[in-house]
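Trainee: Use the sequences and the hints to build the structure in full.
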Amino acid sequence: MKGMNNRFFSALALRNIKSNKTLYIPYLLSSIAIIMMFYLMASLMANQFVQERSSALPTLFSLGVIVIAIFSVIFILYTNSFVIKKRKKEIGLYGILGLEKRHVAKILLFETMFTSVASILTGLVAGLVFGRLFFMLLNYLLKLPTDIDYVVAIDPILWTVLLFLAIFAITYIYNVSQFTFANPIKLLKGKTEGEKEPKGSIILFILSLVFLGWGYGISLTIPDPISAISKFFLAVFLVIIGTYLLFISGSIFILKALKKNKRIYYRPGAFISISGMLYRMKQNAVGLANICILASMVIIALSTTLTIYVGSEETLENRYPFENNMSLFGDPEQPELIEQQFADLQAHYEQETEKLGLEVTEMEALRFQSIYGSLDNNRFNFTEAFDGLELNVFGQVIPLEDYNGMTGKNIELAEDEALFYHSNGKYTKEELIIGDRLYQLTPIENDFSAETGLTETIVLVVPDMSHIESMMASYKEQFPDGPIVGLSADIGWNTTGTDEEKKAYADRIRMQSYSVESARYESRDLQREDWYSTNGGFLFLGIFLGLLFTIGTVLITYFKQVSEGFDDREKFQIMQKVGLDKEMIHDSTKSQIIWMFLLPIVVATIHVIFAYPIVSKLLTLFGITNEKTWLLSFIGVVIAFAAIYWVIYRITSKVYYSIVK
Amino acid sequence: MALLEIKNLKKVYTARFSAQQTEALSTVNFSVEEGEFVSIMGESGSGKTTLLNIISTLDDATSGEVYLDGNPLSKIKDKEVSAFRRSTLGFVFQDFNLLDNFSIKDNILLPLVLSKTPIEEMEARLMPIVRNLGIEAHIHKYPYEVSGGQKQRVAVARALITRPKIILADEPTGALDSKASQNLMEILKGINEEGQTILMVTHSTRAASFSKRVLFIRDGSVYHEIYRGGQTADEFMDRISQSLTVLSSRGEGHE
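For the protein sequence lines, the chains are A and B, in the order given. Each step along the first sequence adds one to the number in my numbering, with nothing skipped, and position 353 is 353. Each step along the second sequence adds one to the number in my numbering, with nothing skipped, and position 104 is 104.
These aren't lab readings, by the way, just hints derived from the structure by calculation. Bear in mind the structure is a predicted one, so any value in this text is a computation, not a measurement. Be aware that one or more of the hints could be misleading.
What the hints assert, rightly or not - Far from chain A, by Cβ distances over 12 Å, these chain B residues were calculated:
1. ASN8
2. PHE30
3. SER63
4. TYR67
5. PRO72
6. SER82
7. ALA83
8. ASN97
9. LEU112
10. PRO118
11. LYS179
12. ARG218
Said to hold, decoys possible - Derived DSSO-like pairs (lysine-lysine); straight-line CA-CA distance at most 30 Å:
13. B/LYS7 with A/LYS262
14. B/LYS116 with A/LYS260
15. A/LYS654 with B/LYS79
16. B/LYS7 with A/LYS571
17. A/LYS571 with B/LYS79
18. A/LYS577 with B/LYS105
19. A/LYS577 with B/LYS10
20. B/LYS79 with A/LYS590
21. A/LYS590 with B/LYS141
22. B/LYS141 with A/LYS85
23. A/LYS661 with B/LYS179
24. A/LYS661 with B/LYS165
25. A/LYS429 with B/LYS75
26. A/LYS571 with B/LYS77
27. A/LYS85 with B/LYS105
28. B/LYS79 with A/LYS577
29. B/LYS7 with A/LYS577
30. A/LYS262 with B/LYS10
31. A/LYS571 with B/LYS179
32. A/LYS409 with B/LYS10
All residues carry an ideal CB built from backbone N, CA and C; glycine is no exception.
Mentor: Now the structure itself:
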């Protein structure tokens, strides 16, 4: 058999692909698209914005790469198994015609080589072109202060080639094993033999609930943003596995229950669609789970980035409560200096404003002492300042005078009384020992400082400055050599004037501030520009990912409808012979809508609702704390995506209909 | 009046991109009375299948008409054609045409479900038929779990359940071994004896010998017909064989 050379087998393989083009075109198209998707996602790892904006971004993106890699494995195995099932008869024929199994394996090898090389190459080229074009388009549309460049790096290309070669190798092994262990006669009948109706497995169903519950639980119980990053991947992974199991086992239960109900089942539309779906439930369920997972990814990617973008104004207000913000950092060696500066600067800014013909509309000034330590029973124990390793509780101590001035209240405190705020509200005792003093506490709301949400914070308003001094004296006694943080002060004010006047004013104050020792001046307007140039990239990447995943959804829906169309074609032809009319075909495709359309969207929405706690923790890393913005953009994105998916669904179901009729 | 009447039926196929025409049926005339069991025999390409397709409303005639109960089939509107096929005709095909995704029971009920028949009615009709055909024990199985002979009996049950005016069978024994063929034909004969009209197209003289009348078709028209009368199946089969021999030798003589 040496005479049968490789050229013969490769020619045969090529001819096979050509003669099966109705199967191979959807298969190749969806492989190309998923390769493109993976490559684009991987190439974002090399993106400057991702690398430099925040240390959390590379982690989150590598996680995204892994998720898409897992997804690619499942997707390609799923599409491949569909193609090979349809070809059983043809390949069985080779055995009958006298080809040995190793020859069949060789033909399959060439086929796999051709399809994988073609789809990997095309996928990479498409990725390069699409990435470049799309970045150009987005830069043009969003008009961010700085363009975001599309970086082409070698690593992502290498990863893509290796991953997909591995995946295609697995499909090859799978295909060969399908034919090695089967006898040709059986293969010849293969397609018509039919699968057994799947038995619903209660174990799988329970397992799916366990995985989902575990994943949801991680999200619900996440304590802080730092652990959110590390646990996010585990949660995503668990939910993905849970989703597949849920769709595979859950849908069988639902369909069987529907089938048992004779009033529902024995109606033309339901009769055809329920039995059809049960018949190829596993394939169907994997397809639905794929759509569901992609939908969740689109919703999360878009709604979070939209939140960051829309919430940016609010973030600015959060960080810069006033148009003009001056922070003073006192020298612990010369505590009286900052007291002097504090009073002088307030007067100075009033004068400066008048000089430019503007008026101060609002001014707040606040001195505060930062302290670090832990809450232990009813005592605040100091730790050394900046003991970064164990940052327990961050405290701000404010004199009553400044608190009253800022809030416009007129509160009086006795020598052993203090106002108290605790960020997580867990400290509910009515007294607190700090240094050598005991205070009776009155709880207050936080209406004075920006909530960072990153650490546990307390605020203590004490009767006067002498309390702060004695507090610091206790600290020094306890840590004679420890670092000392001096008193700080914030001055914030708004002025009248047009945008230009305000900008000129801010520039002038900023110039002056350079000569003030240990001070930082920030103008909200000047910061806004900065902010958009650092964070506009989020919206950019969000839209990019959203689009990427939407393309994935389109493809899977398309592949699902086309493959099922070919599956159902013969079935519908038989039914037409015994009297099925066109209208009923339409009915039966329509009754799949609820199943095909609503189910993935509803489950995806549930996923995203449960992802809410962990995602909002992650958002605090980027300065977003307003949940309302998140909620609104979330609802908006869900509705928008549902609408897009509806269009996709309608178009692809027309494709399905045109195949079966 | 005859149940089925075929008058001057002609079918000409025209190739799409040429003026070349192929005549599948030249002039076909015959009728089937209610309660008859008629076989149509002829060689491949004689026009049997075309004839059956036109009677089944799956194809249109070029000229001529098919009357069922005195009503011309060509007058049935497109929209009603499926409903007509469902309620008036029963089909048995060579390759069974059962659906793997339905259980045997659901396969049988399919035409009734499509006609939106009430469940009670469907179930009431199902049991006597499956009992009669001896597939009672299998109704919860799937087509791929039963033998070829059983599959064809399921197909017969599906044809019977709508209580059609006529059953059209296209080579029903074509995919069966001789034992299963024998069994199926006995069933069809039994059904006919209970009053069901059957029109069957077949190659098999053995199968045809179960019917009451055999029509021979050649070159697109009915060439000859013989009645069984009081003959036994074996005697009738001999006559059919003789007719076929004569038919083919005359054919050769022509050419």
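Trainee: Against this structure, judge whether each hint is valid.
Mentor: Results for each hint:
1. ASN8: holds, 27 Å
2. PHE30: With a cut-off of 12 Å, B/PHE30 remains clear of chain A, as the shortest Cβ separation is near 24 Å.
3. SER63: At roughly 25 Å from the nearest Cβ of chain A, B/SER63 sits farther out than 12 Å, so the non-interface label holds.
4. TYR67: holds, 20 Å
5. PRO72: Given a closest Cβ separation of 20 Å, the condition holds.
6. SER82: Violated, since 3 Å does not exceed 12 Å.
7. ALA83: Incorrect as stated: the minimum Cβ-Cβ distance to chain A is 7 Å, not above 12 Å.
8. ASN97: violated, 5 Å
9. LEU112: B/LEU112 is in fact no farther than 12 Å from some Cβ atom of chain A, at 8 Å.
10. PRO118: violated, 9 Å
11. LYS179: B/LYS179 is indeed farther than 12 Å from all Cβ atoms of chain A, at 21 Å.
12. ARG218: Its Cβ never comes within 12 Å of chain A, the nearest being 27 Å, so this holds.
13. B/LYS7 with A/LYS262: violated, 45 Å
14. B/LYS116 with A/LYS260: holds, 18 Å
15. A/LYS654 with B/LYS79: holds, 21 Å
16. B/LYS7 with A/LYS571: violated, 34 Å
17. A/LYS571 with B/LYS79: Distance ~21 Å between A/LYS571 and B/LYS79 Cα, so the pair holds.
18. A/LYS577 with B/LYS105: Distance of about 18 Å is within 30 Å: holds.
19. A/LYS577 with B/LYS10: Between A/LYS577 and B/LYS10 the Cα gap is close to 23 Å, so the pair holds against 30 Å.
20. B/LYS79 with A/LYS590: Holds - the C-alpha atoms of A/LYS590 and B/LYS79 are around 19 Å apart, at most 30 Å.
21. A/LYS590 with B/LYS141: holds, 28 Å
22. B/LYS141 with A/LYS85: holds, 23 Å
23. A/LYS661 with B/LYS179: Roughly 37 Å separates the two Cα atoms, so the pair is violated.
24. A/LYS661 with B/LYS165: holds, 28 Å
25. A/LYS429 with B/LYS75: violated, 93 Å
26. A/LYS571 with B/LYS77: holds, 24 Å
27. A/LYS85 with B/LYS105: Cα-Cα ~27 Å, so holds.
28. B/LYS79 with A/LYS577: holds, 15 Å
29. B/LYS7 with A/LYS577: The given pair, whose Cα atoms are some 24 Å apart, holds under the 30 Å limit.
30. A/LYS262 with B/LYS10: Outside the cut-off at roughly 46 Å; violated.
31. A/LYS571 with B/LYS179: Holds, at roughly 29 Å.
32. A/LYS409 with B/LYS10: Violated. A/LYS409 to B/LYS10 sits at ~104 Å, over the 30 Å cutoff.
Hints 6, 7, 8, 9, 10, 13, 16, 23, 25, 30 and 32 from the earlier list are contradicted by this structure; the remaining hints agree with it.
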